[in-house]
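Number of protein chains: 2
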Amino acid sequence: MAQQKAKVLIVGTGGVGTMAAYALETGGKAEVTAVMRSNFAAVQKNGIDIDSVEYGHDIRGWRPTIIRKTIPNVKEENLQPFDFILVTTKNIQDIPPTVADSIEPAVTAGKTAIVLSQNGLNIERPLIKRYPTNPIISSISYIGATETSHGRILHDDVDAQKIGPFDNPGVPLEVAREAAERYIAIYNADGKLDIVFDADVKFVRWRKLVYNASYNSVASVLHMDTPRMRMSRHIVDDLIRPIMLEVIAAACANGVEIADDVPDKVIRADPTTTAFKPSMCQDADKGNFMEIETIVGEPLREGEAKGVAMPTLRTIYGLLKGIQLQFKERKGMWEAKFTPDNPYQ
Amino acid sequence: MAQQKAKVLIVGTGGVGTMAAYALETGGKAEVTAVMRSNFAAVQKNGIDIDSVEYGHDIRGWRPTIIRKTIPNVKEENLQPFDFILVTTKNIQDIPPTVADSIEPAVTAGKTAIVLSQNGLNIERPLIKRYPTNPIISSISYIGATETSHGRILHDDVDAQKIGPFDNPGVPLEVAREAAERYIAIYNADGKLDIVFDADVKFVRWRKLVYNASYNSVASVLHMDTPRMRMSRHIVDDLIRPIMLEVIAAACANGVEIADDVPDKVIRADPTTTAFKPSMCQDADKGNFMEIETIVGEPLREGEAKGVAMPTLRTIYGLLKGIQLQFKERKGMWEAKFTPDNPYQ
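Residue numbers (my numbering), protein chains in the order written: chain X, 1 to 345; chain A, 1 to 345.
Calculated from the structure, these hints are not laboratory results. Nothing here was measured: the structure is a model prediction, and the numbers come from that model. It is possible that part of the hints are untrue.
If you anchor each label on the Cβ, the simulated ranges turn out as follows [what the hints assert, rightly or not]: (1) Arg125/X x Lys286/A: 39 to 47 Å; (2) Pro126/A x His150/X: 53 to 61 Å; (3) His150/X x Lys265/A: 48 to 56 Å; (4) Thr146/X x His223/A: 20 to 28 Å; (5) His223/A x Ala249/X: 30 to 38 Å; (6) Asp260/A x Ala249/X: 51 to 59 Å; (7) Arg60/A x Arg301/X: 57 to 65 Å; (8) Lys286/A x Val196/X: 45 to 53 Å; (9) Ala160/X x Thr98/A: 48 to 56 Å; (10) Glu174/X x His223/A: 47 to 55 Å; (11) Ala249/X x Lys265/A: 34 to 42 Å; (12) Thr146/X x Asp200/A: 41 to 49 Å; (13) Asp285/X x Asp260/A: 51 to 59 Å.
Chain A is nowhere near these chain X residues, computed Cβ spacing over 12 Å in every case [stated by the list, open to error]: (14) Gln80; (15) Lys129; (16) Pro242; (17) Thr274; (18) Thr315.
Covered, in the sense of this in silico footprint (three residues per stretch, anywhere, with C-beta under 8 Å from a C-beta of chain X), are these stretches of chain A [stated by the list, open to error]: (19) 235-242; (20) 262-274; (21) 314-323; (22) 333-340.
All C-beta atoms in this analysis are idealised placements derived from N, C-alpha and C, irrespective of residue type, glycine included.
The task is simple: from the sequences and hints, build the whole structure.
Encoded structure:
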């Protein structure tokens, strides 16, 4: 008898989540439940159209096994426990609800492994606190995949991920490791994808921050694509490179060694022939909340706690918080009070 | 016989220049020639309407003695030399033409005193180089005056200025000082205005930069008014105060002592009951060029040259240069080249 398919819940069905759903279902080893919000009606009606660099440019009307509008409540709905919950939503720690809160009804204690496909540092902490007996797994993704409109995905850069277990003190390392390896096995069922196990989660995360804390955050303040940024000596020399060096110094102070040639490599990483904007900048352009704390705030705090001077990143942090405050105001979540006794004067 | 009226050319007839024209003409000791550009037609037709906190709220159809569209060419037009040229335009050192270039046809060597009513550091240098025998005078203005539409001025904060001679090595200090004092005498003809002589030009300029380099530049990056900025602990503590302390350290290293209590005073200087935006921020909102070099670049260079660490201001400088680059692109003065061999990679 064939092994039972793994039950996977996917929370966040933009480009990254949808391509994960596609890989997991078509691999034949998983059954996916996808939670959709703004795109639910469009996908229920017409399915998903995918233009993929890896699976073909003309996939039409595809659907995962189950789509639904809300997080399942496993107990109340009397569902089988989920083996995995893959979270690909943005991680906005300064805006409720948190990831830990929102997935709660779908988590079975001691059973469900939670895969966080999100950038930045210390994203596992609230999950470990809330779910001390569940494996928490890190995925750092390098895919290029965007939902161009509801139910339409442009997958223009190959799916590559580094996956490993976060250190959850309540879960034996071997159990967490096995969960990560099983996730890779069902995701990369035919072994053709570049989805690899990497136990050094800390390194993988700091290494990706060299790009994200610099390009993402500066692009978001400037509303500028990365090729244009590279055309300006001021932006590269006064902003991008200093931030990279600060992040590398912070990593080093936290026991993570990043090679000296990384800044020059990462400065030149993006193509220069198209006006690519990092995801945080796309959010900033739309007035959507940005992942400030996990991408900028946490590395800043980790570095400063070890005595590393990070003045460039701290300045960018203050600016991003100022921009986020204006986004909150526009969405009615913060009110400016023009009183003579302004509380913070 | 009454003394002949001083001939004053005013270049830049926004709020500050127009109120200067009004004070000079109505004082009876000066005859003003005002150079108008975008507002020329409106003022020629209807004159200027002024709503003034000092002169009355209902001044209608006022005109200076002469209005014209271009800088006069004293030699070619066979005009009497100007005693004073007052420059109130923005000082955008990274965008031609420079102030020194544009006023040249109106300057009579060894005669015309040039009054620079502009903020920032080292603005006198190109003038001294070009006009080595002319008195160059500093005016730091604290007036609140805005051209709300062509030919309409809202003058909502009193005219206060600190005026003194820049140190021009080719002009005896006594001559420069007399020119500054004569300018004050014709401007403040009835002695009622708070227009005072202050020989310590360097101090006056650095002191005003404590506000301008911090609030103006951060407001411009954030597109945010100063009361809202003060409602955010991040903006005040991570941005405004660090910049103020860096500017004060740079001033100190350059022999200008600014008292310890200045940051706290300046942080609280603006009213909190209306959404006031500093002038550079108003420019940024409109996509107009910002006075980056005189307000931010020069204090940064002066401080760093003396070994002062100014990382917060350097970060803001890089961002402002990035924003200015995008303004240049929008105005067709810079072209992005999306080539694989990007020159600055």
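Hints versus structure:
Separated by about 44 Å at the C-beta atoms, Arg125/X and Lys286/A satisfy the suggested range of 39 to 47 Å. For the pair Pro126/A and His150/X, the supplied restraint of 53 to 61 Å holds, since their beta-carbon distance comes to about 57 Å. Checked against the hint of 48 to 56 Å, the pair His150/X and Lys265/A passes, with Cβ atoms roughly 53 Å apart. At roughly 27 Å, the beta-carbon separation of Thr146/X and His223/A lies within the given 20 to 28 Å, and the hint holds.
Checked against the hint of 30 to 38 Å, the C-beta distance between His223/A and Ala249/X comes to roughly 32 Å, which is consistent with it. A hinted range of 51 to 59 Å is violated for the C-beta pair Asp260/A and Ala249/X, which are about 31 Å apart. Between Arg60/A and Arg301/X the CB atoms are about 60 Å apart, so this pair conforms to the stated range of 57 to 65 Å. A C-beta distance of roughly 50 Å is found between Lys286/A and Val196/X, which places it inside the suggested range of 45 to 53 Å.
Taken as a hint, the range 48 to 56 Å holds for the pair Ala160/X and Thr98/A, whose Cβ atoms sit roughly 52 Å apart. Between Glu174/X and His223/A the Cβ separation comes to about 53 Å, which falls inside the hinted range of 47 to 55 Å. At about 35 Å, the beta-carbon gap between Ala249/X and Lys265/A stays in the expected band of 34 to 42 Å. Evaluation of the 41 to 49 Å hint for Thr146/X and Asp200/A yields a failure: the beta carbon distance comes to about 58 Å.
Range check, Asp285/X to Asp260/A: Cβ separation about 42 Å, and the 51 to 59 Å hint is violated. Gln80/X, annotated as away from the interface, keeps every beta carbon of chain A farther than 12 Å; the closest lies near 45 Å. Under the 12 Å C-beta cut-off, the non-interface status given to Lys129/X relative to chain A holds; the minimum distance is some 25 Å. Listed as outside the interface, Pro242/X is inconsistent with that label: its C-beta sits roughly 8 Å from the nearest C-beta of chain A, within the 12 Å cut-off.
A cut-off of 12 Å between C-beta atoms contradicts the statement that Thr274/X is not in contact with chain A; the least separation is 7 Å. Distance to chain A contradicts Thr315/X as a non-interface residue, since its nearest Cβ pair spans about 4 Å, not more than 12 Å. Here's how the segment 235-242 of chain A fares: 6 of its residues keep a CB closer than 8 Å to some CB of chain X, so the rule of at least three is met and the hint holds. By the rule of at least three residues with a Cβ nearer than 8 Å to a Cβ of chain X, the coverage given for the segment 262-274 of chain A holds, with 5 such residues.
Residues of the segment 314-323 of chain A with a Cβ under 8 Å from some Cβ of chain X number 9, which satisfies the need for three, so the listed coverage holds. Check on the segment 333-340 of chain A: 5 of its residues sit with their Cβ under 8 Å from a Cβ of chain X, so the three-residue criterion for coverage holds.
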